[in-house]
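Each chain, letter by letter, is given below.
There are 2 protein chains.
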Amino acid sequence: HKEDDWSKCNRSMGEVVQNTKEAIATLQRRNPEIQPLLVILQAGEDDSMLEVNKKTAGKIGLNVSQICLAKNCSEDEIVEELLKLNDDPRVHGVFLHLPPTSLTSRVLNTLKPEKDVDGISDLNIGRLVRGDVSKGFIPPIASAVLDLLGKHDAALKGKSVLLVGGHGPLRMALQCLIERSGMTVQTNHWNSKSLKTQVMQADAVVMLSAGNVDIPPSWARPEAVIIHCEPALKPDDDIIDLSSRSGLGYLTAAYRAQNVVHSCSRWIQEQQYRPWRLH
Amino acid sequence: HKEDDWSKCNRSMGEVVQNTKEAIATLQRRNPEIQPLLVILQAGEDDSMLEVNKKTAGKIGLNVSQICLAKNCSEDEIVEELLKLNDDPRVHGVFLHLPPTSLTSRVLNTLKPEKDVDGISDLNIGRLVRGDVSKGFIPPIASAVLDLLGKHDAALKGKSVLLVGGHGPLRMALQCLIERSGMTVQTNHWNSKSLKTQVMQADAVVMLSAGNVDIPPSWARPEAVIIHCEPALKPDDDIIDLSSRSGLGYLTAAYRAQNVVHSCSRWIQEQQYRPWRLH
Ligand SMILES: NC(=O)C1=CN([C@@H]2O[C@H](COP(=O)(O)OP(=O)(O)OC[C@H]3O[C@@H](n4cnc5c(N)ncnc54)[C@H](OP(=O)(O)O)[C@@H]3O)[C@@H](O)[C@H]2O)C=CC1
Ligand SMILES: NC(=O)C1=CN([C@@H]2O[C@H](COP(=O)(O)OP(=O)(O)OC[C@H]3O[C@@H](n4cnc5c(N)ncnc54)[C@H](OP(=O)(O)O)[C@@H]3O)[C@@H](O)[C@H]2O)C=CC1
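Residue numbers (the numbering used here), protein chains in the order written: chain A, 2 to 280; chain B, 2 to 280.
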């Protein structure tokens, strides 16, 4: 079962890497100078998630630069960096690789929405919930989960997806997107008494948070799709285990890179209508 | 059963009207000049929903002014009015009483978020989903539904609420708010085969859209709370039926008025930190 998941992830990964490479090539054919750039704003050393993102960007040919703040940096320091990144026309996307407690309202909403390639600012979440995909960004992990749901042999249209655990925006984003692609969604807490019943009925189970306990495989239908999500940010994790979990990490990184390229091409288009702002 | 709902609505209505009156009085004690103002931007004649809003504002002592565009007005005309309302410091809230097709992304996001007392702009929806209630506004109809759920004799904490029908942002807003107040949420389409089973299991059923068909009362548990929502905007409806449905309309209007007063008091606070922008 695990191997299947891993190869599904691999197939998706190959497709997203290929598409994104081609998108960069297309951009550069028309704008030879352009170089899409992802900036990672991090607190402390590199961890496995950053390694995955840098490797994936390397495969795609996306430029990455890192700003390393101290592990215990202040909100003001983060905001100061973000203001510089907002003003820098070379930067097309910013990955806020910060501890959850640093992702305050002020931090999340200081970053310009057009560089918020993780789609976690209030404006971009609102756009997604209202269904306006022409602006904003689909959170990369949501794209990855949807991709895996879509890759399943039997079409999942009309099928039921159970989301377990997780928090506000990501859970809502996933729910919106899954419903909009024609499936129904149930959600539940880890501690709920009805969890077993719901797992038994679901065509797919998406675990939004990792933990020590797992859902016993015997609960799920044999043909059910099971997806484990890493928490969106898990800065102290420093092993890449070669299960489907790290597969999803790679796929997420590839979708993040794709969002950077989208952002870059939107920026170019905007410049064409405002030539006086060209740098 | 209907009468019960009506009297619950009436009780809530009395409380919100009273609180909002007092909030206005408090504002005016400190700022004798201030007069919270709701502007209704409408396309065509008054309908029953506007009557309800004007009556409710009258009860509260909230000033209301109306801008009546032609029934078939263009997006540009709406945007032009909104830009004027944005710039007018006397206006604290705008009720976009327009046909659903006129509520385009451009229209919704032209209105300043701080005057969007219905909480339907992307930024305000995102704030709500992310759980930041210090800015933005809870959509009045969501406040009204939550109020009724809370008014039930047995505490609904831990109970399950079924949302039937409805669309993106309002459904998501309600789901977030209901979950955050400790209940679990199921959602379903009107046409779903599992609707009957879900209704039978729910502690509360909220119908987000009205229709010709109703859920047979025999499906629901005898003690279940049943709430009918009018569609958020239903411009051609010109009868007020004296059921719980119009009760919810009044309660929604009262929460809209409350949001206008919130907006006004936020505006005053902001001016105190920026005295040079005082008018
Ligand atoms: N097997 C595993 O992997 C397990 C892991 N854990 C660990 O517990 C921690 C918490 O897990 P977490 O992902 O936060 O998930 P939880 O299931 O604990 O839910 C977290 C919070 O999210 C809200 N929430 C999530 N789902 C729903 C829902 N269906 N309806 C209403 N509210 C919901 C609730 O917040 P609110 O009450 O504020 O609305 C809830 O308290 C994680 O760190 C995880 O590792 C715990 C148990 C098992
Ligand atoms: N008894 C009644 O009152 C009935 C009324 N109607 C009428 O039908 C019309 C449509 O009703 P409406 O309120 O739009 O509700 P629907 O149940 O028809 O759903 C509307 C749309 O909202 C999305 N949606 C709603 N709930 C869910 C869910 N649980 N999971 C996934 N998607 C969901 C779907 O959009 P998408 O597919 O785009 O994701 C769906 O097509 C209304 O005008 C109503 O009057 C219809 C039947 C019965």
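Source of the hints: derived by calculation from the structure; they are not laboratory data. It cannot be assumed that every hint is accurate.
Treat identical chains as interchangeable: a pair holds within one or across any two.
What the hints assert, rightly or not - List of simulated lysine to aspartate or glutamate pairs, DMTMM-like, C-alpha gap at most 25 Å: (1) K56 / E76; (2) K136 / D48; (3) K152 / D204; (4) K72 / D47; (5) K72 / E23; (6) K136 / E78; (7) K197 / E76; (8) K152 / E76; (9) K194 / D133; (10) K194 / E224; (11) K9 / D133; (12) K197 / E46.
Checking each numbered hint in turn, tell me which of them this model violates, lowest number first.
1, 2, 5, 7, 8, 9, 11 and 12
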